[in-house]
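S.K.: As a plain string of letters, each chain reads:
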Amino acid sequence: MKDLEQLLRDPRAHADAPSEESWRAWSNEALAKWNAEQALARRRSPMRLASNALFYAAVLMALWMLFPALASTAEKIGEAVGSYEVWVGMPNPWVLAGLALAIAVAITPPLRQRLLHEIG
Amino acid sequence: MELPNHPSAASLMPLNQRNARRFVDSFTPLISAQLSRFRLPHDLLQDAVQETLVRCLRGLKHFRGEAQLSTWVYRIAYREGLRAQEKLQRDRSRAVSLSPLAEPADAATTYSPSFAAEQQDEVLRVRTAMETLPNEQRLVLGYHYLDGLSVHEIALLMSARPNTVKSWLKRGRDSLKSTLAAPSPEDSA
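Chains as they are written, first to last, in my numbering: chain A, 1 to 120; chain B, 1 to 189.
Treat the hints with caution; some may be incorrect.
[What the hints assert, rightly or not] Keeping only pairs whose Cα atoms sit at most 25 Å apart, straight-line, the calculated DSS-like set for lysine-lysine is:
| no. | chain 1 | residue 1 | chain 2 | residue 2 |
| --- | --- | --- | --- | --- |
| 1 | B | Lys177 | B | Lys166 |
| 2 | A | Lys33 | B | Lys87 |
| 3 | B | Lys61 | A | Lys33 |
[Claimed, not checked] Only some residues are given here: those of chain A computed to face chain B with a beta carbon under 10 Å:
| no. | residue |
| --- | --- |
| 4 | Glu5 |
| 5 | Arg12 |
| 6 | Ser27 |
| 7 | Asn28 |
Read the hints as simulated data drawn from the structure, not as lab findings.
Predicted model only: the values in this text are computed from it and were never measured.
Ideal Cβ positions, reconstructed from N, Cα and C, are used throughout, including at glycine.
Use the sequences and the hints to build the structure in full.
M.R.: Following this line, the structure appears as structure tokens:
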């Protein structure tokens, strides 16, 4: 009996590797799949760019509206705590900011995904 | 692990069709030989090889060269092999629940009496004995003796500690020695 370690270095002691014909066919298929993915990614990129722009524009708009709203709210609370008219007049910037956030967070990501799914 | 005749990651950039072809032609024999040791049926082996290649191609542009390219490819193939084995086990457990006599084709080939009768060569006896080893022991023996990976590289590849790899290697060798020391069916006949 030969040395076991020597025997283990013999490829015949292990499972047969696939034939060259097999692995060439598999690699061609894998390459075709990857090429198709690349082509799809190239087609998707303008739509992805547009939906990303929409999303970040909505986030920026929300922030732009939210900070003045916070500042004015603090100011108004300081001026007239308990004044009904002030509280009634106040929610407008909040509502707008909330609306913009809702658009940004809840609507555009699913919209983006749906668009990508449909063109895919 | 330095493998000859394999392109470097830098030489494959930009990853256009020509360079993707170079990568695939260079690494597919290595990947398919590695995955064939996971004892997968032909269709699953084919899927695992293709999935490994596609994953490598997807990841190549993000490869930063912290490890050798071949080590990175080995690692992806190893994970894909495990994934395919899990799928095989799930499918088999479903099949067994439907038909207890169902036997995988590759195992039937390996253990059939006619095949065992042909095991005169020592190397082929080792091969038959290898089939009885647990997955980790069989894989580390292949990585170490056939692919020439060090214990440290195997540990990195299999996300295990070096001492665990050493233990798998030792247990695998001991198990093979005891199996091979037992009289073969031809000797006892």
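S.K.: Under 10 Å is the threshold here; is the Cβ of asparagine 28/A close enough to any Cβ of chain B for the hint to stand?
M.R.: Holds. Min distance 8 Å.
S.K.: Would the hint on serine 27/A be counted as holding, given a Cβ-Cβ threshold of 10 Å to chain B?
M.R.: Hint holds; serine 27/A Cβ to chain B Cβ min 4 Å, cut 10 Å.
S.K.: Given glutamate 5/A as an interface hint, is its Cβ closer than 10 Å to any Cβ of chain B?
M.R.: Hint holds; glutamate 5/A Cβ to chain B Cβ min 6 Å, cut 10 Å.
S.K.: Given the hint that lysine 33/A pairs with lysine 87/B, test it: the Cα-Cα distance must not exceed 25 Å.
M.R.: Status holds; Cα separation ~22 Å.
S.K.: Holds or violated: lysine 177/B and lysine 166/B, Cα atoms, limit 25 Å.
M.R.: holds (16 Å)
S.K.: Does arginine 12/A pass the interface check with chain B, least Cβ-Cβ distance below 10 Å?
M.R.: With a closest approach of 5 Å, the arginine 12/A hint holds.
S.K.: Are the Cα atoms of lysine 61/B and lysine 33/A separated by 25 Å or less?
M.R.: Distance ~17 Å between lysine 61/B and lysine 33/A Cα, so the pair holds.
When the structure is compared with the earlier hints, no violation turns up for any of them.
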